[in-house]
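Just so you know, the protein sequences line up as chains A and B, in that order. One point on numbering: in the working numbering, the residue at position 58 of the first sequence is 58, and numbering is uninterrupted. Position in the second sequence counted from 1, then plus 346, gives you the working numbering.
Worth flagging that the hints you see were computed from the coordinates, not collected in a lab. Please note: incorrect hints may appear among the correct ones.
Claimed, not checked - Below, in silico cross-link-like pairs of lysine to any residue (SDA-like), each with a Cα-Cα straight-line distance of 25 Å or less:
id, chain 1, residue 1, chain 2, residue 2
1, B, Lys442, A, Lys185
2, A, Lys185, A, Asn31
3, A, Lys245, A, Arg306
4, A, Lys132, B, Pro633
5, A, Lys346, B, Gly533
6, A, Lys213, B, Pro633
7, A, Lys109, B, Phe541
What the hints assert, rightly or not - Restraint-style ranges between C-beta atoms, simulated for each label pair:
id, chain 1, residue 1, chain 2, residue 2, range
8, A, Arg181, B, Leu812, 52 to 58 Å
9, B, Ile417, A, Glu199, 56 to 62 Å
10, A, Thr16, B, Val665, 17 to 23 Å
11, B, Gly372, A, Thr16, 58 to 64 Å
12, B, Glu886, A, Glu199, 42 to 48 Å
13, B, Pro636, A, Glu224, 43 to 49 Å
14, B, Arg519, A, Thr16, 43 to 49 Å
15, B, Ile537, A, Arg181, 35 to 41 Å
Said to hold, decoys possible - Just so you have them, the derived chain B footprint on chain A, three or more residues with Cβ under 8 Å:
id, segment
16, 73-79
17, 324-334
Quick caveat: nothing in here was measured; it's all calculated off a predicted structure. Just so it is clear, CB atoms sit at the ideal spot from N, CA and C, and this is done for glycine as well.
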Amino acid sequence: MTKLVVQNLVKRFPGTQQSAVNDISFELSDNEILALVGPSGCGKTTTLRLIAGLERPDSGSVRLNQRIVASEAVFIPPEQRGVGMVFQDHALFPHLTVYDNVAFGLRGKTQAEVRTAVGEMLHMVGLLSHSKRYPHELSGGERQRVALARALAPRPVLVLMDEPFSSLDADLRAGVREHVRGILKSMRATVIFVTHDQEEALYMGDRLAVLQKGELEQIGTPEEIFHESNTRFVAEFMGDSDFLKGIVRHGGIQTAIGLVPQIVDLPISTPVEIAIRADDVDFHVDGSGNALIIDRFFRGAFNLYRLRLDTGQVIHAINPHTNILAVGTRVQAYVSAEHSLTVFTK
Amino acid sequence: MELTRTNLTYQKIRSRISPRLALAAGLVALFVAVPLAYIFIRAVSAEPEAWQRLFQERIWKLFGNTLALVIAVTGGALLTGVTMAFLTERTDLPGKKIFRWMLAMPLAIPAYIGGIVHLSLLRPRGGVIPQLLENLFGQPVPTPSPLGFWGAAFILTLFMYPYVYLLSGAAFRTLHASLEEASRIFGRTPIQTIFQVTLPALRPGLMAGALLVALDILAEYGTVALLRYETFSSAIFVQLSGRYDRSAASVLSGILVALAIGILWSELQFQGRARFTQMESNWRPAPLMPLGKWRIPAFLVVLGVVSASLLLPVGVLLVWSIQAFLDPETMSMLFHTGSQGFGTYIWNSLWSSSAAAVIAVLLSLPVGLLAVRYPNRVSKFISRLCQVGYAIPGVVIALSLVLLVNRFLPFLYATPLVVVIAYVLRHMPQAVRASESALNQLSPSLEEAARMMGRTSLQTLIQVTLPLILPGLLAGGSLVFLTSLKELPATLLLRPAGFDTLAVRVWVWAGEGFYFQAAPAALLLVLASALPLSFLLRREQIFK
Numbered sequence: 001m002t003k004l005v006v007q008n009l010v011k012r013f014p015g016t017q018q019s020a021v022n023d024i025s026f027e028l029s030d031n032e033i034l035a036l037v038g039p040s041g042c043g044k045t046t047t048l049r050l051i052a053g054l055e056r057p058d059s060g061s062v063r064l065n066q067r068i069v070a071s072e073a074v075f076i077p078p079e080q081r082g083v084g085m086v087f088q089d090h091a092l093f094p095h096l097t098v099y100d101n102v103a104f105g106l107r108g109k110t111q112a113e114v115r116t117a118v119g120e121m122l123h124m125v126g127l128l129s130h131s132k133r134y135p136h137e138l139s140g141g142e143r144q145r146v147a148l149a150r151a152l153a154p155r156p157v158l159v160l161m162d163e164p165f166s167s168l169d170a171d172l173r174a175g176v177r178e179h180v181r182g183i184l185k186s187m188r189a190t191v192i193f194v195t196h197d198q199e200e201a202l203y204m205g206d207r208l209a210v211l212q213k214g215e216l217e218q219i220g221t222p223e224e225i226f227h228e229s230n231t232r233f234v235a236e237f238m239g240d241s242d243f244l245k246g247i248v249r250h251g252g253i254q255t256a257i258g259l260v261p262q263i264v265d266l267p268i269s270t271p272v273e274i275a276i277r278a279d280d281v282d283f284h285v286d287g288s289g290n291a292l293i294i295d296r297f298f299r300g301a302f303n304l305y306r307l308r309l310d311t312g313q314v315i316h317a318i319n320p321h322t323n324i325l326a327v328g329t330r331v332q333a334y335v336s337a338e339h340s341l342t343v344f345t346k
Numbered sequence: 347m348e349l350t351r352t353n354l355t356y357q358k359i360r361s362r363i364s365p366r367l368a369l370a371a372g373l374v375a376l377f378v379a380v381p382l383a384y385i386f387i388r389a390v391s392a393e394p395e396a397w398q399r400l401f402q403e404r405i406w407k408l409f410g411n412t413l414a415l416v417i418a419v420t421g422g423a424l425l426t427g428v429t430m431a432f433l434t435e436r437t438d439l440p441g442k443k444i445f446r447w448m449l450a451m452p453l454a455i456p457a458y459i460g461g462i463v464h465l466s467l468l469r470p471r472g473g474v475i476p477q478l479l480e481n482l483f484g485q486p487v488p489t490p491s492p493l494g495f496w497g498a499a500f501i502l503t504l505f506m507y508p509y510v511y512l513l514s515g516a517a518f519r520t521l522h523a524s525l526e527e528a529s530r531i532f533g534r535t536p537i538q539t540i541f542q543v544t545l546p547a548l549r550p551g552l553m554a555g556a557l558l559v560a561l562d563i564l565a566e567y568g569t570v571a572l573l574r575y576e577t578f579s580s581a582i583f584v585q586l587s588g589r590y591d592r593s594a595a596s597v598l599s600g601i602l603v604a605l606a607i608g609i610l611w612s613e614l615q616f617q618g619r620a621r622f623t624q625m626e627s628n629w630r631p632a633p634l635m636p637l638g639k640w641r642i643p644a645f646l647v648v649l650g651v652v653s654a655s656l657l658l659p660v661g662v663l664l665v666w667s668i669q670a671f672l673d674p675e676t677m678s679m680l681f682h683t684g685s686q687g688f689g690t691y692i693w694n695s696l697w698s699s700s701a702a703a704v705i706a707v708l709l710s711l712p713v714g715l716l717a718v719r720y721p722n723r724v725s726k727f728i729s730r731l732c733q734v735g736y737a738i739p740g741v742v743i744a745l746s747l748v749l750l751v752n753r754f755l756p757f758l759y760a761t762p763l764v765v766v767i768a769y770v771l772r773h774m775p776q777a778v779r780a781s782e783s784a785l786n787q788l789s790p791s792l793e794e795a796a797r798m799m800g801r802t803s804l805q806t807l808i809q810v811t812l813p814l815i816l817p818g819l820l821a822g823g824s825l826v827f828l829t830s831l832k833e834l835p836a837t838l839l840l841r842p843a844g845f846d847t848l849a850v851r852v853w854v855w856a857g858e859g860f861y862f863q864a865a866p867a868a869l870l871l872v873l874a875s876a877l878p879l880s881f882l883l884r885r886e887q888i889f890k
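Using the sequences and the hints, build the whole thing.
As structure tokens, this is what we get:
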């Protein structure tokens, strides 16, 4: 069932040239986690705030559970929308205990019901023993979990999360991320998750929506976004792609590292670029090869090499071999990918 | 965060306290503690009849009077201060930039000078406004009297609310927008949000403001005496100056200080564990609330407060001053009273307050250094001890110094130096707080760098630390100067014959009914206070 429909949403802030959100449309079904991802200033947080009711759209509409909550004619204030939100800075009320923070959104219930619901939520985030503490007595990770419990306690129709992990230290983030995704899935929550970190988006999202300059570049499953990027921006942003120059020929695309046997629906001799990632390229030592090793970065499980092709272009390649090759070694590089690569016309 | 972390590592490296510094701070603490302890000793050792006599007749009434005034004014100041802060910080009130200044400026007007102006305007018989109404209608028209409890509560509220206004204004400013947004998301309307989230989250700031007001009311002498409302402070003053009953004054002082410490303690209790945590990343100011049809009424309310507490007193003082200068008789009185003139009063005011400011800042340095660089129980205790001056009214310090000096240092008796010592004791907390906060903002690694490059600890202090914390020290000094300039009861009780300051002269002349003559001195006092005050306000974010 469709939970949320966003149609042609536009928001421009006074005193700015460009729209913060420009004609964005998407839908979200029950129990789905959508990750809104993009560089800072791309409009992802504004989109979230428009859905929450913290901003008013200039045009377009937001429909929540088949009910219009924002359009040109209608504006339902945030307190009547029944959504939950986890703020970037957590926004825990400093004057309330952990228990009272979680209970804050539970209204029109008996005390016993509130006690059960809060207890359940705190148990789930593993903070039952902290219920009498105040926010300033908690660690960053604990605050984050209280914020999540507070957002989930009223069983909202939709949960909005605005870069919820950005204030955590890197070593904490991975663990918290797994824990939070588990909780969201076990509660069958419908979630929009905003992040600027593509790895986090790939991990958290059932689907991803990539935004740039207020516009929706692409929406799809993590695999689609990663392997079948619609635009050069998506390919660049999602996965550190190199863009290998080539020319369309019969039977493939001719590049500086050989013919890539991929048939594209383009006229012969069209100049194109192929998005390739370091794991799509392999090489072996060859004194008369087509590339030169100019850098090697040790990455634990593998070595990442920077190769300069004879055309002058620099590409990256992962080489899992334990034999370490010196900078300056001449090698023969080739495309080793077994899946189809994304091709852009120049 | 960053600072505390560096502080911690610093602790590990240099946990040995410098004995020189500890000695200096200890001496300062002793200097502060002795007058306080002496009052208690005298109160306890007073003859039992003095206690009995006082308990039978006076104390309960004084207690009730004082507490009622403290509660009324603190409540009034909270209501006024928070409302004004909300209107100027969080709404689209017209002219709010200029209002921010005007709402803070009454701090430069001593409450008794405001009281003199309001009294002369509203006095039931002979006041300007009742007179005007009588002439207009041909018969007396009943007007609210500024005398007694309600008058004192009204006038003190007018000149005390800026404490609450400044502290809650700063709190409104630093409050994170997302707190209120979270409240909306979880189902509260904008009005519910103000009462359930915004104000409770601001509570620490509001409580700090309320505490300052409450302690100031306990210490207030001039206004309550003027408006004929008896509190502990004014009763002690009468005992000391008129009847000269020192044991009765000691008993009353002991109780007054106990009351003040009680207020301090209950504030700490009430504060509890819920603390205002400055939130970390990406602070965003909360959006302004459109006033809509309330724009004009809100504007008029703010204008009313500003008029009663600033425009009217300053305007009236100006008119009186001009009349004084136009009248040759008043002029000659002004410039030659006995062997002294106007210039002497200015000079006395300035040098005694400046001396107090310099001494207080110098004394606060070792205390601040010890508390910030070597935080442990002892240094914290010393720092707290140096801040009890807040809770000790001027009359009590005067009494204690009279008794102490008479007994142990008779050569100091009736010298201006005792007046300066009283100022220092009373206003030292402001200097200590300023020094501590300036030092807290200074990364210890700067001092470590100087030590690494071959400076001794004393050289480091002079070449690195002092220049860097100078603005903070100046702010502390300005506060001490400002409040010493206004200090009335301690000056009246301790001054040697003939040592007249502006504050004393205003008080004496106004008490004798020479308003025109008092006006130029009062106006000058206000201006002299307004200068350091505007320096202080400029340091605050909201006045930039």
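Comparing the hints with the structure gives:
no.	hint	in the structure
1	B/Lys442 x A/Lys185	50 Å, violated
2	A/Lys185 x A/Asn31	7 Å, holds
3	A/Lys245 x A/Arg306	17 Å, holds
4	A/Lys132 x B/Pro633	32 Å, violated
5	A/Lys346 x B/Gly533	51 Å, violated
6	A/Lys213 x B/Pro633	24 Å, holds
7	A/Lys109 x B/Phe541	21 Å, holds
8	A/Arg181 x B/Leu812: 52 to 58 Å	55 Å, holds
9	B/Ile417 x A/Glu199: 56 to 62 Å	59 Å, holds
10	A/Thr16 x B/Val665: 17 to 23 Å	51 Å, violated
11	B/Gly372 x A/Thr16: 58 to 64 Å	60 Å, holds
12	B/Glu886 x A/Glu199: 42 to 48 Å	43 Å, holds
13	B/Pro636 x A/Glu224: 43 to 49 Å	45 Å, holds
14	B/Arg519 x A/Thr16: 43 to 49 Å	24 Å, violated
15	B/Ile537 x A/Arg181: 35 to 41 Å	37 Å, holds
16	73-79	holds (count 3)
17	324-334	violated (count 0)
The structure fails to meet hints 1, 4, 5, 10, 14, 17 from the earlier list, while all remaining hints are met.
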